[in-house]
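Here's the letter readout for the chains.
Number of protein chains: 2
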Amino acid sequence: MQRWAILLEYDGTGFVGWQQQADGVSIQSIVEHAASTLAGQPTPCTTAGRTDAGVHAEGQVIHFDLARPIEPEKLVLALNFHMKPHRVAALRAAAVPPDWNARFSAIGRAYRYVILNRRARPALAHGQVWHLPQPLDAAAMHAGAQYLLGRHDFTSFRAIACQANSPLRTLDRLDVRRHGDTIEIIAAARSFLHHQVRNMAGTLKLVGEGRLPPSAMADILAACDRRRAGATAPPEGLFLTAVRYAPAVFG
Amino acid sequence: MQRWAILLEYDGTGFVGWQQQADGVSIQSIVEHAASTLAGQPTPCTTAGRTDAGVHAEGQVIHFDLARPIEPEKLVLALNFHMKPHRVAALRAAAVPPDWNARFSAIGRAYRYVILNRRARPALAHGQVWHLPQPLDAAAMHAGAQYLLGRHDFTSFRAIACQANSPLRTLDRLDVRRHGDTIEIIAAARSFLHHQVRNMAGTLKLVGEGRLPPSAMADILAACDRRRAGATAPPEGLFLTAVRYAPAVFG
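Chains as they are written, first to last, in the numbering used here: chain A, 5 to 255; chain B, 5 to 255.
Keep in mind that a hint or two might mislead.
Because identical chains cannot be distinguished in the list, a pair is counted as satisfied if it fits within a single copy or across any two copies.
What the hints assert, rightly or not - In the DMTMM-like style, the derived pairs of lysine to aspartate or glutamate whose C-alpha atoms are separated by at most 25 Å in a straight line are:
#1 Lys88 / Asp27
#2 Lys88 / Asp69
#3 Lys78 / Glu36
It should be emphasised that the hints constitute simulated quantities derived from the structure, not laboratory data.
It should be emphasised that the depicted structure is a prediction, and the values quoted were computed from it without experimental measurement.
Construct the entire structure; sequences and hints are all you get.
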């Protein structure tokens, strides 16, 4: 038996998210179908993080076990063959120790949240940005974001349905940068609460609009009250960009 | 009567191209439907360049005439309203003199051709890149591209169906750059022959694969024979990025 780590890219549009739901197609079902087909037996897959419906991934990581030997390059090709025509692609495969776990071995996760900040709706980036027509002050958003860095109780930015044992998280990076009409929010932490990045993005939007001063982010954080923060930003702007392990898995 | 210049973005996927064909939906039909609806009468639109089926635009320019006065911002909003839900968006509108012409007043056009150069097929950029799994030498492609700069007979890179009077064109820029898994070809000229950018891209691919030395680009150009150059690169990697006018129209 060999445990394999797989680096995945997907467009979350039209999927119900990573996890299987009663209705709709999940990323998990696409990946497990491919792994099971090539294994010739049911092959469950474990993910580093269960992305929500509509959320994308550039660098999701999963693991599963295979009985028969296979070269990493061939495994990538076989998975991609069986995942066609869905917008899910295996980028890399790496053999890992039997006790390695895509979720529990992860020591860091990074997300990008993309806002298209112009009047006209997106034609090219449709489904891969949050379209906000009113002008946003990205510098104010960045200033506000810095109040969230460090170890805090993130209850104000946590989904009601969040199943984590603790609301404590350590936010290592929350940068907001404008590139032309696009505003990118880059977030990095060991792990995030459910909806944390989208709730931070939805609150930073209020700062960008001038409806909240940057320092309000500190007050909202300290309140530990979900009702104080902004609405959850829509899933289509969110990308899981990387999951980190030590030692690194994909070089 | 007021002539209007409109800056357009579109995803060419699923369209038959700018121009109406017997079957399928054209970008032109979407834009003319919107302009005609808001004008209350048939309103023909003239484009800076007729993009082929599947080709995208970040900065296409068109013009049409409207009898009733309207603010530029309102014109953009009204066009976008009437173009929904198609992936065509008006970005800007500018009043121009009655003899101004989106096609004949243009003094420069720029294109980007995007190659995704990795084994795995594109999940996120599906329909917006040419996927080439074999490793390409972008530096060799760039070296080869430089042989095409300047004023030449581009018959070797011209579609058989090209309707231009002359095969002479002046290529101002042809840069090839790698950014991670992505290779971008940036092309700029006063104007291009039909399929010229895609035929240059398809030939530079052969240089990138090592099947042709960079200097072969000079030989192919000099031969003035379409059969000497590579196959036409697929439309989904091509973006019309900008059309230039003097004076500038959109500031």
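Comparing the hints with the structure gives:
1. Lys88 / Asp27: Within one copy only: 20 Å inside, 28 Å across.
2. Lys88 / Asp69: Intra 21 Å, inter 46 Å, cutoff 25 Å: intra-copy only.
3. Lys78 / Glu36: within (17 Å within a copy, 49 Å between copies)
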